[in-house]
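Chemist: Each chain is listed here by its residues.
2 protein chains.
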Amino acid sequence: MIGTFKTIVRKLELNKNLIEDVLDEVAIETPVKIYVNEKFYATLMAIPNQLQELAIGFLIGDGLIKNINEIKKVEIKDLNVKIELKTEKNFISPKKTILTACTSSEEFLNQILKFEEPIVESNYAIKAFKIFEMIEECIKKAEVYKATGGTHFAGVFQNEELKAFSEDVGRHNAVDKAIGVAALKNVDFQKTVLVSSGRQPADMILKAARAGIPILASMRAPLMSGVNAARILGITLIGFARKSRMNIYSFPERILI
Amino acid sequence: MIGTFKTIVRKLELNKNLIEDVLDEVAIETPVKIYVNEKFYATLMAIPNQLQELAIGFLIGDGLIKNINEIKKVEIKDLNVKIELKTEKNFISPKKTILTACTSSEEFLNQILKFEEPIVESNYAIKAFKIFEMIEECIKKAEVYKATGGTHFAGVFQNEELKAFSEDVGRHNAVDKAIGVAALKNVDFQKTVLVSSGRQPADMILKAARAGIPILASMRAPLMSGVNAARILGITLIGFARKSRMNIYSFPERILI
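These protein sequences, in sequence, are chains A and B.
Counting from 1, position 139 in the first sequence corresponds to residue 119 in the numbering used here; the numbering is continuous, with no gaps.
Counting from 1, position 140 in the second sequence corresponds to residue 120 in the numbering used here; the numbering is continuous, with no gaps.
If a hint is listed, it holds; no wrong ones were tucked in.
Identical copies look the same in the list; a pair holds intra-copy or inter-copy alike.
Capping the alpha-carbon separation at 27 angstroms, the derived lysine-lysine pairs in BS3-like fashion look like this:
{"#": "1", "residue 1": "121", "residue 2": "-4"}
{"#": "2", "residue 1": "223", "residue 2": "120"}
{"#": "3", "residue 1": "126", "residue 2": "223"}
{"#": "4", "residue 1": "53", "residue 2": "66"}
{"#": "5", "residue 1": "110", "residue 2": "171"}
{"#": "6", "residue 1": "171", "residue 2": "-4"}
Derived from the structure by calculation, the hints contain no laboratory data.
Fair warning: this is a prediction, and the values are worked out from it, not measured in the lab.
So that you can see chain A by itself, here it is in the shape it has in the complex (with noise of 0.2 angstroms):
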């Protein structure tokens, strides 16, 4: 099961009054569960790949940990990771399942409320057109997307080159994957970009924050949330980035022209 993005349906394709029955393929979600020092944390309905990174992106992102240094060991067994910590961490368990595209609830708002100041103080700044660049190579590596058209992409650029990602069911899931390929890879997050194939609520922008990534650039549209989350954190908001055109909603030094 584990690293199966996807499998074949039989369908009935209708095309102008012509039938075909046909093979396709769709995209396969599991529930992944994840363990912290030996306690249940929560469960993830994701594409059963790059669990390890899930998982680590998971916890960065929801604020249970800073970077990898505070992980001793990582084990993965069948479906389930389990996570072992340096030191003790309190956290309430079980948690809530986090499911197929989306964590935005209010004890994020409100968590997001608490900051005073932006947390992502970082003064990295690129060129426009990268960000155009970044987003078509990231279209162009979604094998999954091309093949299902039911899943979302996620990527990191460290210094304007792509250094992570992935595709899931859930636009979170592919984030928390990305993140976790670029924490394992050691990557410098204040000097990044985070492309997302999704639209951007504020616990999405909050992922970004936690992790301490400046920018992110999502080809759809960000939420009230997102744009109040990201004005907030400190945080670089790009949405509708297609082609030659794009939104800036927050911290537009960031984008040189």
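Following the hints, complete the assembly by docking chain B onto the known chain A.
Modeler: Chain B alone, transformed into the frame defined by chain A:
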């Protein structure tokens, strides 16, 4: 706050090196709390309109009630919807927060596997071209989507006539609202098509099944869990429906050429 779909946000619009400082519209999501018989039931992150319909559709899709005849009274105060049922119901409270775009969880999958035979047994059938017309009718009506680019829609058609239409930041909320609107109009769900703008995991199919809807047509992709659920629950699942093309993943006998 109630009835507010979207809000104005300032952004920089970059288009081929031309920058404009403009005002734009962004979708708002707000926590909506549902109480059943004075007990807290769930928090949905939703666009704060059609609150009664959202709550009723959510309870039907969640399997707590079968139809509106079980409801004694609905009271809306600020963003709280208090539903009084005619009978006592046992449920675990507080339920988890239901998030922006999804509720696909292990719990749901397990619930589906409990069913031994299809629960939707309607013989309702419609011509394929009607599905394309329904999708186009919904797209035309999707005003919040057109303004913000960040929302989903859902429509319920009874005997090929649009009876309920809703938009929300989450595809699940949009479906809940549309089912709620249709339920309040006493729509005969056995003769309906549910149109959705979103991807289809198992829990979306389960919402349709619990309402008794035989045909679910989406513009977007199904997930594998959605295809499995539709085949188990007796629902005709259509994906990638647009213009004159669609894929039929289950029970194609309801679609006539």
